[in-house]
Structure formats: structure tokens, C-alpha cells
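Chain order of the listed sequences is A and B.
Mapping the first sequence onto our numbering, position 205 (from 1) lands on 520, and the numbers just tick up by one.
Mapping the second sequence onto our numbering, position 273 (from 1) lands on 493, and the numbers just tick up by one.
Everything labelled a hint here was simulated from the structure, so no lab data went into it.
Built from N, CA and C at the ideal position, the CB exists for glycine as well.
Check each hint, because a few of them may be wrong.
[Claimed, not checked] Straight-line alpha carbon distances no greater than 30 Å define the calculated DSSO-like cross-link-like pairs of lysine-lysine that follow:
| # | chain 1 | residue 1 | chain 2 | residue 2 |
| --- | --- | --- | --- | --- |
| 1 | A | Lys626 | A | Lys500 |
| 2 | B | Lys782 | A | Lys922 |
| 3 | B | Lys598 | B | Lys687 |
| 4 | B | Lys290 | B | Lys652 |
| 5 | B | Lys598 | A | Lys460 |
| 6 | A | Lys846 | A | Lys476 |
| 7 | A | Lys460 | B | Lys351 |
| 8 | B | Lys652 | B | Lys598 |
| 9 | B | Lys758 | A | Lys525 |
| 10 | B | Lys687 | B | Lys834 |
| 11 | A | Lys820 | B | Lys635 |
| 12 | B | Lys642 | B | Lys351 |
| 13 | A | Lys793 | A | Lys846 |
| 14 | B | Lys457 | B | Lys433 |
| 15 | B | Lys642 | B | Lys433 |
| 16 | A | Lys430 | B | Lys268 |
| 17 | A | Lys820 | B | Lys782 |
| 18 | A | Lys820 | B | Lys681 |
| 19 | A | Lys846 | B | Lys758 |
| 20 | A | Lys865 | B | Lys433 |
| 21 | B | Lys758 | A | Lys820 |
| 22 | B | Lys652 | A | Lys820 |
| 23 | A | Lys525 | A | Lys639 |
| 24 | A | Lys820 | B | Lys687 |
| 25 | B | Lys351 | B | Lys783 |
| 26 | A | Lys793 | B | Lys457 |
| 27 | B | Lys351 | B | Lys290 |
| 28 | B | Lys433 | B | Lys446 |
| 29 | A | Lys606 | A | Lys626 |
| 30 | B | Lys758 | B | Lys433 |
| 31 | A | Lys846 | B | Lys433 |
| 32 | A | Lys793 | A | Lys507 |
| 33 | A | Lys820 | B | Lys290 |
| 34 | A | Lys460 | B | Lys687 |
| 35 | B | Lys834 | A | Lys476 |
| 36 | A | Lys846 | B | Lys642 |
| 37 | B | Lys652 | B | Lys317 |
[Said to hold, decoys possible] Far from chain A by the CB rule (all over 12 Å, computed), these chain B residues:
| # | residue |
| --- | --- |
| 38 | Tyr240 |
| 39 | Thr336 |
| 40 | Ala422 |
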Amino acid sequence: MSLSTFSGLYIAKSGIQASRAGLQVTGQNMTNVNTEGYTRQTVDFYSLPSAQGNMRIAGANLQVGEGVICPTTSQYRDPYLDIRYREKNTAAGTAEAKMEALSDLVNVFDETVNKGIFSQIGNFISEIQTHTQTATDSSLENTVKTSSGLLANAFNYAAQKLENARSSVENSLAAEVTNVNNLLKSIASYNKQIRGMELSGSSALEIKDKLNTAIDELSRCLNIRVEQGTEAAGVTTVSTLTISLVNDDGTTQVLVDRGNYNQIVATQDPATGDYAISVTSPMSANILLDKIASLNQQIQTEFKNGNTPTKLINQRNSYLEELKNYANISYSSTLTATSLASDYDVSLVLSDPTQTAPLITNTLNGTNIDVARNQLATDIDDTTGAVYLYVVDPANNKILVAADTSKITSTHFSSGTIGGYCTVLNDEGEFDGTEFRGIGYYQKILDKLANEFASVMNTMNSTSETIIDKPLFASSDKSGTITAANICISDEWQNATSAYLTTTKTSTVTGTSGISSDSNNLLAMVDALSKEIVFTTDPNNDSSGRVLFKTSIKSYMATVNNTVLALQKEDVQREKDTADTELDTTETERASVSSVDINEEGINLIKYNQAFSASSRFMTVINEMLETLINEMGIV
Amino acid sequence: MRVTMGMTSNTYYKNLNKNYEQLLRAEMQRTTFRKFEEASEDPISSMKAYRYRQEISENNSYQSNVSFLKDTISSQLSAITDIRSVTSQIADTELNKLLNDPMGKNEENRQAIATTLRSLQAAIVAGANIKFGGNYLFGGAGTAEAPFTVDASGNLLYRGIDVNTGAIAAGTTTNINGVTITLGDKAGTYNGYTIQIANGIAANPVAINNTAKTITVTLDLSHDPKKTNEDLLNALKSTTEFANASMTGDTFRPVTAEPPFVDYNGARIILGNGATYDNYTINIVDGGFGSMDSISVTGNTVTVSMDLSNGKTNQDLLNLLRSTTEFANASISGNASNVISSATNITAKAVMTTTACFDNAQLDLGDTTGKYNGYTLKLANGANSVTIDDTNKEITVSLNINSNTTAEDVLKVLKSNSEFSKASMSGNLSTKVTDGTAVTLTSSNLPTSIATNTIGQAGLKALANEKSYVDIGAGLSFDADGNINSQNVFNVSLPGISLLGYGTADGTGTDMSNNIYTLIGQIADILESDSYSQEKIKPYIDQFRKQTELLSTASTQAGTNKKFLETTEQRLISIGDNAADALDLAANVDTVDAYLNYMNQYYAYQSALQVGTKLLQSTILDYMR
């Protein structure tokens, strides 16, 4: 038996230290009980085995462990739950974006509480009905005119509201894109910090919490795939993190790779007005630039040593070619006045037709060659969506190279808030053959009604079989095509001082004076507005278009509101509720693992406190024992 | 599963929130009694609610119509009763006196009866000119003005027309393009003249041709602003002959020529309003692959160059046409999506033929382009031939003209020329023609009409049958020809002459009248004449008794109608009530249910709060010392 005399003190010390660490982590946990994104931490305790342990010979000596060590703290986190949470979050984001737009649309179409176009068409028909009682009374025509004016206003107002709904979604999309770009920047920066801290031996738990919160937030905007791993960095290993955007077809595009990040940009097609999201790729280019610069360095060394590193040169050249995918890059391999072989000496410039900027420059420094490398960066103009490409030198000076949008990669995804906003802005249901009926669908639906109504009324009021000779409605911008936004009472009717409405088309008996009180044509108008038609996406409602629904002009708004919009909203609401519930469940599950429980921490407090007392007591006992051993032994 | 305080409080908070939302909703429901605030909460009920609301609104319209009709019919009924009391006074008192005095000896007595009759005449007119709600009850389809007037010579006029002869009091009148134009020639000089409108610019817009009996009004129709009937009237009034012309009816109606169109590739392309682009040729040229679409107008040719290799459609052609100022109003009907496969030349044509008028025969040249508009057709004696002189704009028809040559012979010669193979003639084909006759040809797609100073017995009959319908919710519908199905709507028109009678017994307009007012006058005339005898007056009295039957028939009819309307009103009210009940059921909640639901939610919320405070307040820390 050869326990060291003072080993007990070391054991006691380790115990005291361990319980203090435990108490401190408990304190950390308790203070962060309400911190968003905070993950419950724990001290990793290991018992220290006996230092005299001998593996080969079973010693007869008593083996006693040497106390406890607590080298690290760690988090209670289940990566699988994170993946599930983010999946649900994307779905919830999609539904939320769609819901946001649909709620605006309901304000335009729903007349449960407020009166709108549907009621106004009803009122218009009532006024015509009243006019049939005495068709000769032109003051009754004025009430029809007033009602028409109100109806035209209702159309204009609804069109304006739809346009507002569209621009509000456009604003949301722009804000969300900025948000995503900031998140991507932050995530890349957290990655760098974590790497730095991990290299210095810290577990960087608090920054990882921040990172996870940022990724959670990102997952609401986009459908992302997060890959976590580790890689060797010198003597230690550090964790790595890549985030990719997942398109609808399953293909992915890298958004964040360790400390590098790409940006996304929303662009609007000037012809169709459709929005597209693209990924700009300075990151991938920069990674390649790093590799090329480092290879240049190696090649130089090899040449100096008298070797010809063909493999390295080929490798580097393949990187150079790949670089062309990300920017308009040209490179030259020029001989410089050095005694060294030529091929390592590659200067690289980024160029567009007007401007060039160096990316890699090789300068002769005595017999060595210095390789200086600049960075590529993009900047996105928030208002126009234009992407600018910069070359940034080590002193952080920016050289604008080009408004280069050609090298960004377009994406197609429809999930997350950004996907949801794009769907709502772009998809027009039956009109463009997409599944979702977005704002465009409802704008076209409203325009269709305005146009159909105006054309029916104009045709009914015309006395010619072939042309519209007495229009009641016209377009206020004189464009010819009547839409909900521009429908108005025609100048002719507005300026008419006496009866303008064609009350009858049968000619009166020659010679009889006065306006006819025969109101057949007014009745025909009522009939035409009540007749059911199959509406299709074709402007003339012919069968070449996709069938929308069968209804009459007077019931059109009811049909759209109840059988199209209400059902769609109910559907999206259900989708949102499901996603929200699932998100809640997953969040609860995650909280079950990661969140701080005061009771538990209270118990820990007692536990560590008692452990502390025990270790202290042990220390006292050892102390007493040593007291006995040192001071009282041998004294009689 | 590990349950933490945070989870508990989060879950509690979310549930409490839901609870509160439901409480607010119940509170809202308790005050509004609405089952749903927007359609998506209950699409099926919402759809029903919309339908019932529409039904109620329509029902209100019908009820308003029926109540208006009921009042109108009641007024008609009492007005008829008033008139009948006058006629029965005449029949029972005055005319009986005559019959009881077979010899009619007492001339003074006769004179007294005649005076009474004449004063009662005025009572009949007053009774028939009754107004209700601003409308004359017996105006037929013209209820804005008093229907009956008496002219200077004592003739009864119904809406300006003599009830016996059908003569138009205002003189020569014509119905053209939706208006009635009274030429203002009291003497009826222009009776039988054809009023026609020509397109163009003329120093004297109104040309009167007394030989051909035409009045041609030349208006420039090719430019905006569109010419309307008002312009037509103003042109007429600018002449001395028609300075007093007047017009009633649809004064705003534009005077339009059918616009030129072209049928092409399954669609009809209309070039624009007015006859301006008549006879333009559209050349569609394939510009070749990758070429830009362009359009140019040179003279009467529109050259459209398109890249036909990428499936250009009729719509693209139309869009291109519209991009020019000339054809900005172009439109298309038919299949716009048909693909244009090859280069083509097409000519746009207005629906237009050129016509001329011989004495009583109307000649139609059958030229679809209206090419000979403004040409003069001359007749010459000679061998059968047709010569066209484009410089002088003359078409000379040579034929053997003698005293037997008719307009039909002219037509035969014309048709022998390939240019006029489709010519036709209407009216009196046997009109004799004379050598050297020259008539001007005009495009006939513009409105023309013959002016007249009488509408005749047939016209009177049409007036007596005028209808004016009101929708009473019995299934308003129109047949395939666009005529209203009259049994589903209510006719409110009761023309005064159908009550009082029109025309004369023999239909000549001079004999014994069918009209009660005139008959009374005629009876009074006989009474006042020296050659009075009972035999003479007997047929008039019989006719009077017979014609007053019209009044009793109308009275019975009005009574029946009133009954019918009352039944209809009852039916509409009960339908309206049912719809209102159904709407209530679909859109609203029961008052008691709403209150109970609110109370439930209230208690649920209160207890949730109570549980929450118990659940959240204590932790182990409370029990630690």
C-alpha cells in the first residue's frame, strides 16, 4: 500500500472544485432560464483513476482513484429534433406567408361584414328594375347612373386594395431577403468564432446557442439542409457547419460553408413581373481563390527545389477553370524575370468589358515570389435588386468590377416565408397553370368581372348589332381594355343631359311623340346580368381557356368569395394550423431535452451544495487525520 | 418525458391565449349574433347567406314593382270607372231621351242634349288624361305627356295622331336611327320622301331631290367626335324647308356606318369605327425568321410584316394593327388564337351596297364595297349596254326606252354586266322610266327611312297594342330571338285608344267613328243638323253602345289584374319572409346559444387563470431553507 500521504487532500480539492463547477453551471442555467435559445448545460464529470494503475501486473496494492475531474461543459441537445424543428418551421413559414396575403384578399372579396362589389351589383340591378316601372322618367336613369358610378368606384377601390396587397407582400419579400442575408452573414461569423474558440480549447456553448437560434430563424425563411461535422485542425478537431438551400427538385446550393457565405437576391422579370430568387456565389469563388493561392505557393517551393510539380499545376489549372463559373475571370501565365521556372507565375484578373481588377498577383521579392490575393464580394442594391461584384483588397478597399448578374445561380423553391411570398406573387392558378391562386389570380378574376360587366352593359345599350355605339362604361385611362382599376362611366353617359340608357330597341310607331316607356331592353339587361356563363381564363371566355367556374355576373363575387377564396383560405389556414401544431410539438420535445427546469436546478443546487459540504467535510477529516499523523504521533 | 417549468409556462400561455381568443370570439358573437365573420370560417353557410341576401334584394325589387303596379292598376280602374260614369250618363240619360222621342220634334230639346254631349266629351278627355305618379295612365308606351289632345278643328288626337284617320298632326314625320323627326312642313309636302344619310363633306349638307323624292343629309362620319342624331337634326334645321324640324327619342344615338371588316383565318377583324377604312387591303408578309414585327400604311394598303415562323396568331395581327393610330380601335371576334401560317392579302369591306331610287323603285347595285357611292346612274336610249365612267363617276345604262320601259328593264340590263350581277330592286318595279333620267347612287348601309304624314289604320292598331313590361319575379326570360316571353312579365301599358276606340267603322277614316269621343261629337252634329231623324242617329247610338263595351272589358281586365297582383304580392311577401328566415338560419346564431357559449367561454377562461396561478407559482425553491 503506497497511497501518498497528501493524496486525500487532492481528492478533496478535486471534489470541492467539481461541486463548485457544478454549482456555477447550475447558476448559469438558472440565470438563463428565460434566455431565448439557451441550451441547458452540464459539467462533464469523470472519476480520476489511480495513478499507480498497472495494466500488466495485478498489483496487490490498494488502488484508489484520485478524485474527480471536470474538463468540459456540454449541452443537452438532440440534433435529430433540430432537424425536425427546422423542417416544421419551414412549413409554418410557407403557410404564414400565404396566409398573410390571403387575409388581405379577404378584405377585398368578403362581404359578410362590409358591403362591396357584390352588393353594389345587386343595387345596380334593383335600380334598373325600378327604372322599368317608368322608363320615361329620366330622373330614375340618374339613380341608375349614380349606382353605376358607385359600382365603378367599388371596382377601382378593390383593384387598388389588391395592388396594395401585392406591394405589401413585395415589401415583406424584400425585408425577408435582407433578413436572410443578415442571418447568413451572422451564421458565417459565428462559425468563425466557434472555430477560433474551439482551437483554443473552449467549447463555445453560448455562441453555439446563438448559431442555432440564427439557423432556426433561417429555417423559417428557406428550406435548408444543415450538415454538421468535424475536421482536424492541427492537433485538435473543430466542428464544421454547412448550410445549403434545398430546391423543390431536391438540388441544393451552398449558402454557408464554415466562415464563408453566399447571399440571396430577389429579382423581378421585367416581362412577366414574376419574382425569382437567386444565389450569388462570391463564397465559392473565394474558396477557390484560397486554394489557387496556396497551390501557387507550393508550386513555387517545388520549383525552387528543382522539381516540376505537374500534378499541382494541373490541379491549380482545374481550379482556375472552375472559377469561371462564378465570375468573368481571365488569367494569364506570364514569364517574369526570375530565375525560377515560369509556370507557377499566374496572375489572375477579374474582368468585365469595362474594368479589370487583380485577384492574385505575384510579385518578385528577391528570389522569392509573394502571392497576394484579394477577395471577391457582392453587394446587392436593395431597391433595384442589382448585384454588384467587388474585388476587395487586404486593406478592405473595394474595386467595383461589374453589375454582374450573369454569374448568379437561379433557384426554384416554394417553401419557407420567401418561397411563400414568391408563390403568392407569381402564381396565378388557372391563369398560368400553377397550383396556387396568388394575388395575380384574384387581380385577373376581378378584372375579368369588370370587363365582362362593362362589355355586357355596353353591348346591351348599343343600338347597332356590330359595334358599341352608346357605351355606358369605359376605361378611365383610355387604354381600351376595361379593367377593375380603370372602369368608369363613359364620357358620353356622364355628359348626357337626358335619357341615354337604351330602354327599348323596338322602334316606336312613326309619328308618336315622346320617349317610349317600353322597357324591354332594361329587362334584357337584368336578364343578361343574371344569366349563367362558363367563365374561362380566355378573355372572351371561349373554350380555349381553362374553365374557372360557371356563374352569372350578379353572383360572380359570391362564387369567387365562397367557392374559391374561402375554401382556399380555409385550406391554407388548416395547413398553417397543422404546421404550427407540429412546430409546437417539436418545440416542446426540444424543450424537454434542452430547456432549464428551475426545480431540477434547485435540486442540483442542493446536490452540489451537499457534494461541496461532503468534499469539505472530507477535507476536514483528512486534515484531522494529518493533524493526528503529524502533530500527535509519537507524543506521549 | 422530462417536463420543465419553461415548457409548462409556454404551454399554459399558449392555451390561455387560445382560450382568450375563443372568449373574444364568443363576446363578438354575443353582440353581433353573426355565425361567422368571414366566409372561410364556414364557406357553406356563407354561400347560402349570399344566395339568400341576393334573393331578398331581388324580392324587394319585385315587391316594389308589384306595389307600384297595384297602385297603377287601381288608378287605371278608378279612372275607367270615372269615364264609364260619363258614358253611362250619356247612354242612360241623354241618348234614352232621344230614343223616347222618336220624332225628335223639339229642336230646343235636341240642342240641349247636343250641348250636354259636347260638355261630356271634355269630361271623357279629362278622364283619359289622368296622371298617376307623374305618368299618364293611358299613354301606352308614351306616358310622359298627356296622351289626348283636341286640335283646332275638334279632332281628337292620341299622342299627336288623329284617332280616326291616323294622320300625324305635326305633319311629315319619319322614324330614323331611333328618333322621330318631324320635318315641320305643315302642308305635308315631303310626304313619301326618303330621308337618307350619306357619308362625306358637302357644302350644303341637305340635298332635296324632288324627282327621286329623296332628302339626303350628308354628314362627315369618318371623324371623331361621332355624329349623333342631334347633328342630323341640326343639319336639317339649317335649311329653310326644315327650319321647324324637331326630334324626339334617342338623340344621343350616333349615326354610324357599319365598320369595314375582314373575315380571315377563322376570325373577323374589324378595322375601326366608321366607314373610313373601307376597301383597305391588308398584306400580311412573312418577314422571315428573327425579323421584327412592323406595320406600315401606304394609300389603301396596310403592310404587316411579321415573323411567321414562330406561330403568330390573329391576336398578334390585331395587336400590331392597334399599335397604329389609324387602326387603334380595331377589334376582333371569333378565334383570336388561330395561327397565321402564310403570307396573305386580304381586303376589308364595309357591309355596304350602293342604291339609287327611281320614282317608286329602289335599286340596289349589289356591290359589297359601296364602291359606286356618289356615282350618277344615267339612262340613255340605245342598244343594251352598261358603261362605267370612273372619272366623272357615271354609270350609263343604255336600253331601248319607250313608253313601256320600266325600272325592271333597267335592272335586267344592269345585271347583264358582271360588275352588277348581284343588283336587286325593291318597290314598284313597273315604274316607267324616261330617257335621260339621272339618279345619284348612295351607300345604303346608313340609316334611311321614308317620311310620312299618316300612320294609317294599321299604325293605329299598333299604337293600341303597345306593351310595357315590368318584372314581377315570375321568371323573366327572353326567347332565342331576343323577344321577351310576355307571359312571365306584367304588362302595365293601357293605351288610351284601346279604351276609347280608334279608326272608323268602314276603315276609311271618314265614316262613323269607332272612337267614343268622336262618336259623341258625331251624334251631337247630327242632333244639331236640320236633317235630323231617328233613323239617321240610330246606327250611331248603337255604335256608341257597342264601343262602350271596350270600357267595361278594360274595367273587368283591370279588376282581374288587380286581384292577380294582390295574390302575387302575398306570394312575394311570403317568399321574402322565408328567405329572410333562411338567411337568419344560415348567417346568425341563436341568441340563447350565443349567450350560453359566451358564459361557457367566460368560465373556461376564469378557471384557466385560476389553474395557471396554482400551476406556476411554486417551485422547489419555495421549500428550500
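Taking the earlier hints as the rules, which of them does this structure contradict?
As far as the earlier hints go, 1, 2, 3, 4, 5, 9, 10, 11, 12, 19, 20, 21, 22, 23, 26, 30, 31, 32, 35, 36, 37 are violated by this structure, in ascending order.
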